[in-house]
Amino acid sequence: MNISKISRVAGREFASTAITKGFIIGALVLPAVIAAIMPLVILLTMSAQPPADTGTVYILDRSADVSETLVDRLAPEAVEARWKERFDDVKEFAKNAIPMADDQKDQIDQRIDQASKTIRYPEFRVIPAGPDASIEELKAEMQDQVASGAKGKGDLETILAIVDIDTDSTRKVNEEEGYGGFQVFLRPKLNDETVSEIKDGVRWSIRQRRYENAGINRTQVLEISDVDERASQEITEEGEKKASTGITTFIIPVVSMILLLIASMTGGQYLLTTTIEEKSNRVVEVLLSACSPMELMTGKIIGQMCVGLSLLIVYSWLGIFALFFMERMDLIDWTTIVLIFVFFILAYFMFASLMAAIGSAVNDMREAQSLMTPVIMMMMLPYFFFTPVIRAPNSMLSTITSFIPPISPFIMIMRVASNDPPPVWQTGLVILVNAVAVVVFLWFAAKVFRVGLLMFGKPPNLRTLIKWVRMA
Amino acid sequence: MSQAVSMQGVRKTFGSKVAVEGIDLSIPEGAIYGFIGPNGAGKTTTIRMIMSILFPDRGELSVLGKKSAVESKDRIGYLPEERGIYKKMKVGAFLMHMGRLKGLDRSGLKPRVMEWLDRVDLADVHKKKCEELSKGMQQKVQFIASVLHDPDLIILDEPFSGLDPVNMRLLRNLIDDENKRGKTVIFSTHVMHQAEQNCDHVVMIHQGKKVLDDTLDDIRKRFDPRALHVDPIGGVGRSHDVSVVPGVAHVTPIDGSLEVVLDEGIDPQQAMKSLLDAMPMNRVEIKRPTLEDVFIEIVTGGKRGADAEQLRAELLAGNTDDEEVES
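Chains as they are written, first to last, in our numbering: chain R, 1 to 472; chain X, 473 to 799.
Chain X on its own, in the form it takes in the complex (with noise of 0.2 Å):
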């Protein structure tokens, strides 16, 4: 299968900022991707090059088997992270004037536009200015803005934030249709939630840096945590009891229960049933792991401690940045 974006060891500065170091990246057509990472990762950065509205300072890069986006422009959409609209026109005609410099004929672009508008539930605010939508609304007409040209390769920025669940999911969907039709996506977010319900392939960025790029499965095979969430009766309290259990390395109490991380060379299926045998449990169950826990464990090496609680709590704050937007 061809490649829809190809990058090698791109570097980009901004002064004495290194924002991006020496991406090698390969998508390949047909794929749905995530990009993710903290908030200044280079994420943005990443994408616009891609979009060639920066160009790296070195490296190689091709979209759509080009050598830059500029000459594929018409065939991909592009959603930014910061949202961008003329407040003064109606969102028809900023439809049509987004369809229209994306290189569509004025004929059939009218049906085409109301259409769209119709399948996110806004079939009747073309004659309105953008500046009366609420800003879930406008999120809405520049995602059609960015689709509206039946893109080979679809690039979103932070599509999800400022959507309530109820969008996201419609939002959600529209990107599965797109991808099941064969064009390509690729995806940012900031929340780590979001990507493991939308794509099949995560790249993750630290610092400028690729730290993983893999299918979602290879990626819980991988970082398997080797570790088990019981809540034995009579509570946390019990946590030394468990410590002494033959093939359990160490117990950590987490919100009400124990998360127990097993020994080397361990089944967990084998665990299971001696935690079981040793003393009467509520609840038994293989830890997944996480995006969450497989960033925090590639950032921090593997090691527990202050720098991984931390950088959790960076991951939470940003969540929680969204979520207050959401709701």
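Extracted from the complex, chain R is given alone in its bound form (with noise of 0.2 Å):
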């Protein structure tokens, strides 16, 4: 083995597919311009809400108990009121999700107050009907409506819904039985938020008279029932430390792993890639004419691990910067970071092997496909294992496929990264396997590329493959 023509052939492999224009936009430039839009796009699917309802809710109160408060309940000003209460909820909890820096919970707030003057909430206007209105009738009326096509926007005149409290509703006729409840018609193709604004308040207007009516101060139950907890505190042995919420145990993991299979097929795509495109114009002979097999394949292997690691290292490094500009870099843990690179290697040798034996085998892109296909799937593993793995990181199903190579890289890396890492002995001992398998894939792949690159003609089957090893 010569390094410099090892070198050569690397450098080239390496330049002719990092350093275009393809690359650089696809691998680099995109995923800049796809965090941009982010919040573009999710603030375009908060206005697109469609226009809210407006019109009539009857009210047949048979209990003749609910209706006074119900009303008050679904009184615009209320409703208004409690959007407005929601809209403050969901900037808090937007803020506590997701480790971020004041000035960014600021811009937060700014984009949930913008996208709350945009959102319509619905309006009723809300009629009991007297003691002796039938339910039947109301319903004949709103069936005559939906029938002439009156519209359900916009208009007050239309019946959204008729609510049928039963006259049990807020006091038990006898003790033995328990309350009664009520029935909602409604207008078809109603808004989820409208039916859901008129149930509850009709729910909550029925519980208001059973507590008055059984004496019970609501507001002192409700505060009875709230317990206050205080973010958990994990001591480690460092110290003190925020506990990890269920985004940090979850998402680290699986964008370690994601990281890592990204780097690793894109590295061993374009390596299928150049190789079936040096076999198919013929390049392949003239190269052979100045290197050996051998050294043209590990000058390629190593050409798109560079490629490939350039986009961990780019990746990793936008990872970080972003954690410290949400100043949470306490979610960083080296030693995650060290072993991404050594499972990336891992992993890229072992697919990169399977890429070069397909490459060599076939003549075009279309013949690589049905050998490619096993190896897709087998690459889709570890995203089913990920939520078995990532909620048991030390159960025996977590253990066993992550020493299963090529896939064990992928589980190896969601359970150190996980909150409860596997024992170091684990993490060396499979490392150890997988460096075997990544000899025993590279001594398959060298085989059957030498003997593959000067084959053309009918692109050979799994069993001409296993003849191709023995021959070499």
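No lab work stands behind these hints: they were computed from the structure.
The reader is advised that the hints may include incorrect statements.
[Unchecked claim] No farther apart than 27 Å at their CA atoms in a straight line, the calculated lysine-lysine pairs in the DSS-like style are these:
1. K562/X <-> K21/R
2. K562/X <-> K607/X
3. K21/R <-> K600/X
4. K447/R <-> K539/X
5. K189/R <-> K84/R
6. K599/X <-> K21/R
7. K447/R <-> K538/X
8. K560/X <-> K21/R
9. K447/R <-> K489/X
10. K582/X <-> K560/X
11. K539/X <-> K562/X
12. K21/R <-> K601/X
Dock the two chains into a complex; use the hints.
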């Protein structure tokens, strides 16, 4: 093996893949653009709400106890006040869900305020039907209206709903039986918010009346049921630390795994393309007159490894920067980052060996597809495993799958990045197992590569590939 | 003189198909050798084995004094039959890459590339992408890639296919120049007259076997067809009159003239005289054997008839293919 030839091949491989407009735009600029567009998309979705419903709600209050409270509850001012309150809750949640700096919190406040202006909430005219009103008549009236095609938006005359409240809904008729309830008749195609606003209003009003009839102070009950809990802390070796929330336990392992997958798949895919290209435009024989098949394959694999590595470096720096600006550098675990790189090398070499073997065996991309299918399916496995593995990083399933190459690096990185990392000896053993697997994969690829490169014609199936391995 | 390439009893099979069977070969340094034979005869397989791109199943092989070409790749220049080029790469960059792969230093490489491009009349293309060049131009670029590192052994597989007559002559002169500088040249062709124009030594391969290995002069002497071409006044209708002339074995009309095969032991000079005495002639000349004739004679064992004609047709078909590309 001649090092200078290998590095020459690797250099060309890297330059012709990574130093192109397509790669730079696709790999680096695109994620940045997506990150910039994201808030815009969210705003658009929020403002793309359907127009709010406006109309009449009839109350057929057989208990003659609820309607007064309900009229107040569904009055336009009351509805508006509740929606404002809801926005404040959203603001509060958004600020605490994701770790971020103060000025970012202000920005989110502003965005939500803007969005709240564009959202319109339903407006009701609530009419208690008299004691002698018939539910059948009201239903018939609503049906006539629907049939005549009267619109449900922006016209207070439109009947949106008829609420039928039971006689015993707020007062028990006898002690053995429970309270009665209510039923709502709705105009078709109402917004979900409208329906829940009405139902919640009825339920709230009935409860309110029950409390009062029973002589219980509702505010007091609420105060009693509400138990405050401050953010829990973990006592670690270094001292007190904010306990990992759902988001950090989930996001960091998954992001690490996906990063690993993207980096090794990208390099491998490019390796497949360039190998097929060199084979189909016959440049391969010229190359083989200058270097051996092994030097060529090694050079190509190393060249594309640098492509994957540069993706990995750029993306992991982006991640570190993001955490830095969110003032959550404490989330960064340098061991995990080092292991991402170690596992990348292992995963990439296995994937790249397969790609080099496939690329050398086929004549064009189309023929490659059929051989690629099992490989791609295998690479999809980590996705299926991520929920069980993250939930229980040291379960039997997690431990076993993390020892099976070639998916092993992807599973292991999730375990390592989780809040319950495996013992160090397991990490060491997994690295060892994968290193052995890499040697086996490379050996297989080398055999196929040497024979496949100069074979033209019928694309091989698995059996022919095995024959080539024996031949070489 | 030491040997540039030597092969003993080399055999190569692909599955059940025998591509090359027991080839012995010895090519001295500084020679210019032509490998000839029809398509699929085993020329490319032989060349690939010399290049150590393929490895023989059996037999000994040495290249430039080493057991395999792997150890002396940088001293060998190779133009494969299947032309390969990085389409998206610029011509200059491609040649620089190939030069450096062949072990040349970066320093002095660029002037060298430019000088070669100039020699093949492509001085202005080094900034163009390879895919923008015509097929003939690409072939010249590939020829440069194979000789750029000043190799001692130059192996060209079908170097002339796809070139117009002007470029064919240019390439022929470049090959001659390299040979005059003491470089060993091996080239293969299925168009036999190209070998006649270029080499001093010919190796003929047929169905994986070497059927001839000699200098062109010796081949001409050995395969003297003892035949004349005659155009009697009165045309081919007088073939019977010609056939009764003493010393004439038989007469075949070919393309409006007559091919006269002489009896064993007859001196052609004497026969020409007898023919001229027998009747007035527009033309009488001694037939010179072409490599095609030699090839057909070897393959058919000197018999004439349908087999020979079919073989000739096949060889000519190969030629026409080529000429179509050339035009």
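To see whether the hints hold, each was checked on the structure:
Among the hinted pairs, K562/X with K21/R is consistent with the structure: their alpha-carbon atoms are about 16 Å apart, no more than 27 Å. At most 27 Å may separate the alpha-carbon atoms for a hinted pair to count; K562/X and K607/X meet this at roughly 15 Å. Of the pairs offered as hints, the one joining K21/R and K600/X holds, with about 18 Å between alpha carbons and a cut-off of 27 Å not exceeded. Note on K447/R and K539/X: the hinted pairing holds, with a Cα-Cα distance of about 22 Å set against a maximum of 27 Å.
Between K189/R and K84/R, the direct Cα distance comes to roughly 25 Å. Compliance with the 27 Å bound is thereby established for this hinted pair. Under the criterion of a C-alpha separation no larger than 27 Å, the hint pairing K599/X with K21/R is consistent with the structure, at around 18 Å. Proposed proximity of K447/R and K538/X is supported: the alpha carbons are some 24 Å apart, at most 27 Å. Only pairs whose Cα atoms come within 27 Å are accepted, and K560/X paired with K21/R is accepted, the gap being roughly 13 Å.
Only pairs whose Cα atoms come within 27 Å are accepted, and K447/R paired with K489/X is accepted, the gap being roughly 21 Å. With a CA separation close to 19 Å, the supplied pair K582/X and K560/X stays within the 27 Å bound. With a C-alpha separation of about 36 Å, the suggested pair K539/X and K562/X falls outside the 27 Å cut-off, and the hint is violated. A threshold of 27 Å between alpha carbons decides the hint, and for K21/R with K601/X the separation of about 16 Å falls inside it, so the pair holds.
Checked against the numbered hints listed earlier, the structure breaks hint 11 alone; every other hint is satisfied.
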